[in-house]
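Novice: Using the hints, build the complex out of the two chains.
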Amino acid sequence: MNKKRLKTIIWIAVAISVSTSTTLAFAISDAFKENIYNVGILKPIDSVLKVKVGDRAPEFTLPAVSGEKISLKQYRGKKNVVLSFAPAAWTPVCSDQWPGYNIVKDIFDQNDAVLLGITVDNIPTLFAWTNQMGKLWFPVLSDFWPHGAVAKKYGILRSNGVSERALFIIDKKGIIRYIDVHDINERPALEDLVNELEKLK
Amino acid sequence: MKGVSTMSQIRMFLSVTAILSLAFLSPALTANPPSKGDVLPKINLSIPKSLDERTYLGLSGAGTFRIPQIKAKVVIVEVFSMYCPYCQKDAPKINEMYQVIENNPDLKNKVKIIGIGAGNSVFEVEVFKKTYHVPFPLFADKDFSIHKLLGEVRTPYFAAIKMNDDGTHQIVHSQLGDFQGAEPFLELVLKSSGMKQEDNP
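Going down the list, the protein sequences come from chains A and B.
Each residue of the first sequence is one higher than the one before, counting from 1 in the working numbering.
Each residue of the second sequence is one higher than the one before, counting from 1 in the working numbering.
No wet-lab data here; the hints were simulated from the structure.
Just so you know, not all the hints are guaranteed correct.
Covered stretches of chain B, as calculated for chain A (at least 3 residues, CB under 8 Å) [stated by the list, open to error]:
1) 54 to 65
2) 123 to 131
No more than 35 Å apart at the CA atoms, straight line, and that leaves these computed lysine-lysine pairs for DSBU-like [what the hints assert, rightly or not]:
3) B:162 x A:43
4) A:199 x B:130
5) B:142 x A:152
6) A:201 x B:89
7) A:201 x B:130
8) B:89 x A:135
9) A:153 x A:78
Predicted model only: the values in this text are computed from it and were never measured.
Think of the CB as a built atom: it goes at the ideal place given N, C-alpha and C, for glycine as much as any other residue.
Next comes chain B alone, as it looks inside the complex (with noise of 0.2 Å):
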């Protein structure tokens, strides 16, 4: 008799523990950077004011949109900070692989990049992108609130965001830190999106 209460108790203590822990450790799981096969967060982002820039991505008016609206077959995000070191030694990079994609009619119009500054207000984020010329749209987020949605990930974070032809989208590459350079991270997106062999078959 005295066993059998005992094992209940320790059934009972055991799955009191695995629950509450489930309870508590879920919110913490959450903050990992998305993976690949996932879709992006609900980002909103506002419309560019530079008509270059809105003419980039596609975009047209006023107020808001999110990523997956940008007019491309693939979205590169950079997360960056104007105060993070390795952001500031990587901008000339990513600069380079914009006049990559722009100087090369197969993926003009078809890859796109924007950045999306962590914690940097519109002024911090103009002050990074007039110091690196940077070319692409860059857009402020002062609170941190994008930056929770993508997991708290370090940064810089590139993903890569494959937009498909009924409208949905899935991020085909996920990567912290370790920018490898224009040519090879730009062939990596293209191979994990399918555009290499669709182009070069």
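Isolated chain A, as found in the complex (with noise of 0.2 Å):
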């Protein structure tokens, strides 16, 4: 009998050790931001495209937080679209993206390509959110309602309503070249995405 309540005392004590080193792991993520998303506990995809490399890419036109509306359709003829959807502005400005890309537009420029970067997330707060990555050379796009569609519609929108961390490259006759649906916890390489767009010329 004895035994048996030690056993379960032992247990409660690796219960509540367990559950205070998580806390403070958290907490100490927390502080070094760029870590929230590398702690591995999201599910890298969560979603199933519905586009392949060779379809036409799926028409859309979003709000952007310039006040502007962008189709894909008006660079026809003229430039290559890369379509960069991030999951969501919260995600910790150091560790992501678009500040990154937006140091590259010269790369862009010699492959005579744009970016759009859209996420799920409301103009107020992507005007908010990209505010603090300095002023981006690229529009970023809204695709917040009807929610998530255009990411619905390329088969990127994860079960809780944020898109997958995912790259297209449309080529000017409107055609995808190029899919990387990332795992949602990890930074594309840019050289990964440069080859590609060299592939176009």
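Specialist: Laid out in structure tokens, this is it:
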């Protein structure tokens, strides 16, 4: 009987220790902002693509933070288009992708490409968030309402309503030439995107 | 009798909790930036391919090296990321610090700067170097392994390492963000390393 009680006590102690240490580990991660997304708690991919390389890219028109409306078809015959879907605006700034893309406009220019950043957040949220990145040279679009409709069309809307961290390259004819639905916990390497852009030449 | 057994159970409970907490907490606690007085964790960097950079660091050959092998009295290490807006904003100021050092005969060849790109590939580090015309050597840390050794610091992070005459070294300054500008930062580093008194008694 005593043994059984001892066992129970040890188990309770284990439970308390684990829960305490978990909370503290999170608190530390929180202080190092970029690690919130690196703790590995998110399912890498949580959606099923509805498009594939070679398909005509689904059309869309979305409002941009700048106030204008951007349609995919306005680039037809003129520019290659890179769509960069980011999961959500509250992704810690330093670990995100767009501030990096913001210093490589020349690479996009050399490849006759424009970049469109898209999230499922509303315009005021995107306005506040992207302001922290400095002045962005590319449009940031809101896929907020109907919620995540464009992400859904491409098959990258996750079950909790945010999008995947995904890249699409669409050529001047409107054909999808590259898809990278990335592990949401990791940032795609810039050279992979650049290599794919250079293949379009 | 009963009182004693309850007491011992409580004691048992507390000690198990304490031991387990320690066991679970220690890895979390090591995830702190290096402190003043510490030695550096064992970080292997690739010897640069560029002759200018090898000359600057006082290294020869190929393979890897460790920071204390750099020919200097003090090495300033910046942990940055090309994706981090604050690192982008600080880049010209760090370049300025390099120029101040190189233009001062008392500091040239004694104080060296290197950058480590947390989570950045070689390509991404090159993009940063080219964009901001960074004159000192930058190293890639694509898999975050160095970043982990350095306690998963937020970027930018700055450390100054003093090389002692007997071959040992120690961290004399450790700073998360808030780069105060070339001159004040340098002043701080020279004082904390004792170089200021040596050179200007």
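Novice: For every hint, state whether the structure bears it out.
Specialist: Consistency of the hints with the structure:
1. As drawn, the stretch 54 to 65 of chain B meets chain A at 0 residues by the rule of a beta-carbon pair under 8 Å; below three, the given contact is violated.
2. Look at the stretch 123 to 131 of chain B against chain A: 5 of its residues bring a Cβ nearer than 8 Å to a Cβ of that chain, three or more, so the hint holds.
3. With a CA separation close to 44 Å, the supplied pair residue 162 of chain B and residue 43 of chain A exceeds the 35 Å bound.
4. As the CA atoms of residue 199 of chain A and residue 130 of chain B are separated by approximately 23 Å, the hinted pair is consistent with the 35 Å bound.
5. Between residue 142 of chain B and residue 152 of chain A the alpha-carbon distance is near 32 Å, which keeps this suggested pair within the 35 Å criterion.
6. A distance of roughly 33 Å separates the Cα atoms of residue 201 of chain A and residue 89 of chain B; the hinted pair therefore holds under the 35 Å criterion.
7. Distance hint between residue 201 of chain A and residue 130 of chain B is fulfilled; the C-alpha atoms sit about 23 Å from each other, no more than 35 Å.
8. For a cut-off of 35 Å, the pair hint linking residue 89 of chain B to residue 135 of chain A stands: about 12 Å separates their Cα positions.
9. Under the criterion of a C-alpha separation no larger than 35 Å, the hint pairing residue 153 of chain A with residue 78 of chain A is consistent with the structure, at around 23 Å.
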